[in-house]
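Enquirer: Protein chains in written order, with this note's numbering: chain A, 343 to 786; chain B, 368 to 647.
It should be emphasised that the hints constitute simulated quantities derived from the structure, not laboratory data. It cannot be assumed that every hint is accurate.
Said to hold, decoys possible - Here are the in silico distance ranges between beta carbons for each label pair:
| # | chain 1 | residue 1 | chain 2 | residue 2 | range |
| --- | --- | --- | --- | --- | --- |
| 1 | B | Gly419 | A | Gln450 | 46 to 52 Å |
| 2 | B | Ala558 | A | Arg607 | 22 to 28 Å |
| 3 | A | Arg607 | B | Arg525 | 19 to 25 Å |
| 4 | A | Ala648 | B | Gly419 | 16 to 22 Å |
| 5 | B | Val565 | A | Gln450 | 45 to 51 Å |
| 6 | B | Val565 | A | Pro622 | 23 to 29 Å |
To be verified - Residues from chain A that face chain B, not an exhaustive set, calculated with beta carbons under 10 Å:
| # | residue |
| --- | --- |
| 7 | Arg495 |
| 8 | Gly513 |
| 9 | Ser589 |
| 10 | Tyr590 |
| 11 | Arg607 |
| 12 | Asp629 |
A virtual CB, placed ideally from N, CA and C, is assigned to each residue, including glycine.
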Amino acid sequence: MKRLYLVGLSHKTAPIAVRERFALTGETLKDALTALHRRDGVDEAMVLSTCNRVEVYARAESDGPVRRFFLDIEPEAGGHLYAKLHEDAARHLFRVAASLDSMVVGEQQILGQVKEAYGLASAAETAGSFLSRLCNRAFATAKRVRTETDIGRGATSVSQVAVELVEKIFGDLKGRAIALVGAGKMGALSAKALASLGANRVFVTNRSPERARALAEQVGGSPRPWEELTELLAETDVAIVSTGAPSYVITPELVKKVMKVRRHRSMCFIDLAVPRNVDPACGEQADVYAYDMDDLDRVVHASKSARAEAALRAEAIVEAELMAFAAEREARAALPVLHALRRQAEAIARAEAARTLQRVGGKLDDKGRQSVEAMAKAIVNKLLHLPTVRLKDAAQSGDPALPGLAAQLFGIEPEAAVEADPARPLPAPPPAAVAGATSLPENR
Amino acid sequence: MTVVVLRIAALVYALSAAAYVLHFIRPRYQRAATAGQALLTVAFLVHAVSIGFGCSEFGGAEFFNLRGGLGMASWLAAGALLLLLRFQRLPALAAFVVPLVLVGLVPGIVGNIGSHHEAVPEVVRLPALKLHVSTAIAGVAVFAIAFGAALMYLLQEREVKGKRFGVLFTRLPSLQTLDQLTQRLVRVGLAVWSVALVTGMFVAEKAWGKPWDPQLLFAVVVWGLYSALVWMRQQGIHGRRYAVLTLVGFAIIMTSMLGLRAVPELSQHQGDFGRKEAMR
């Protein structure tokens, strides 16, 4: 019996040293995919390879070939692998696509990467109708999660918060200047993030001119002497302060002087130093905005907990979509049940007509014989008319209950129905809500 | 007929305002903003039809009183907003201005527009008066949008400075955008207002034989205030103080338009002259 298997490793189970061994891209990935597809018992396969995870989704007889895919590349990888099957594998894919399994929950790239993985698999013709339906459902799930929850909202790192803040004050930074005061590592990161808003001048100043020069090179700015801090700030719109000084470097008096020189154009201080380098009283002046590490951290925490809350709702969406996916599969079983039912009924009609004709056929002419056969057929057709209509409706509306009940009621052999549907890969019962309705063969 | 059409316009404005406010509360509903803009366009057109009916019914005299004037100002404000939205995607601004437009329509809906249209005085035919009325109304309309933008600035500044980073923080545009928008609107408004002021004095001289009227005092104060704002901007002053003064200026306009009428016999301005002329 072909089923959906997932074998993979991710940032949750494997360190980067292991993950980088599986960094498959381009042609290598395509070749690996084709090789996997050619293995025994593998019907369809897809490989999702990002810097945080490598996962293989395959419709296969067992997970053996998929495991071998990993072990062939890195024999030691066994301990880092996780495997899921049927519905759990589908759920995992839905969660991954919706960015619920990401390192930073709610990040945007993963959906694109899943789409890419599917695109590659279908280009290599290793993805068939089942993976196609599964992936489309996963994309729909991800889209629903993104539009119906706040999972992608809010900044999740300090430098991202700094960028958001500066955006709300200045719009963009075109034609504006950033100054990096002090040589802290966080400062350099934030300066780089801010430079992405379009600032055309980045200044770096430090007590030691050598470090200022080195850092300026690193962030693509120009060094300025520490002694000219006042003049530098007068030219600057956003100052990122992270010196190792144990006390306030930026005092209200200094800011007052600076603001006078710059004719009260707005100015923003981002203090990344602990202990603080910018006196909080500076922010009380008009058109001066000052934030310290605590302010930024608070935003990071708030958006992280908001995302966690959104993730709860997202999980519910995943479950609902999983159910819908299962129901869709069940509904596809409606047509095979219908065919089996008709076949069985017609066989009975034929047999009964033959039996009757055997007993009384001698007394009838040709016309009479034909009438008997026609009558048997007509009874079957009349009797099955309504069930046929209903089953066709069920197939269209995706109602999973009726086909199962019909199979039970008319005593149709389950295998007959299942085999008739080659695209029926997951015999596992669907989740709770529709479990009662799935009275199809494999449940009994 | 005019009032009926005007009521329809008000209804569509209300729907547009509701759509914009919904989008403001739930930015995820992109379609709400699109619907808001479509409804605003429809409302603007229906309103135009109502103004057209008004002109044919009352011969244009209805703009010379408070109700018609405010309605006209609302129409111009809606038009200016639509124009602005073409160049800048600012659905948040619409969430603030469209309700304001709706408020401007209220007197026209509840009252009877053509209550004293029988007495169309001689001065109404002065071209200078037409210019005065239309520029004054346009000025009010532009200042109304500036009022909305300045209000948004103050709300956003409170968020940014108070480190709240709440709902408004994410939904309102940046301080820079709002500040620049307010400043530009104030400049445009001042230019239009200047024309209204000069033509107003000229018409008053002709109609009453004296340019003096309490309304004039207010108009001059408003002109002075907004001129000071433009001058302040040259000096680099901006932000909070600029926004507060923009609000104050619009408050003075509203006070002069509504307040002066509350005290009878104080001002001859705004349609009263029609009746007085007739009584004389």
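Enquirer: Does each hint fit the structure? Answer for all of them.
Expert: Checked hints:
1. B:Gly419 / A:Gln450: 46 to 52 Å: holds, 50 Å
2. B:Ala558 / A:Arg607: 22 to 28 Å: Given about 25 Å between the Cβ atoms, the range holds.
3. A:Arg607 / B:Arg525: 19 to 25 Å: Holds, since Arg607 of chain A and Arg525 of chain B (Cβ atoms, about 20 Å apart) stay within the stated range.
4. A:Ala648 / B:Gly419: 16 to 22 Å: violated, 51 Å
5. B:Val565 / A:Gln450: 45 to 51 Å: Violated - the Cβ-Cβ distance for Val565 of chain B and Gln450 of chain A, about 57 Å, lies outside 45 to 51 Å.
6. B:Val565 / A:Pro622: 23 to 29 Å: Violated - the Cβ-Cβ distance for Val565 of chain B and Pro622 of chain A, about 51 Å, lies outside 23 to 29 Å.
7. Arg495: With Cβ-Cβ at 8 Å, under 10 Å, it holds.
8. Gly513: holds, 4 Å
9. Ser589: With a closest approach of 22 Å, the Ser589 of chain A hint is violated.
10. Tyr590: violated, 19 Å
11. Arg607: For Arg607 of chain A, the interface hint holds, since the closest Cβ of chain B sits about 6 Å away, which is under 10 Å.
12. Asp629: holds, 5 Å
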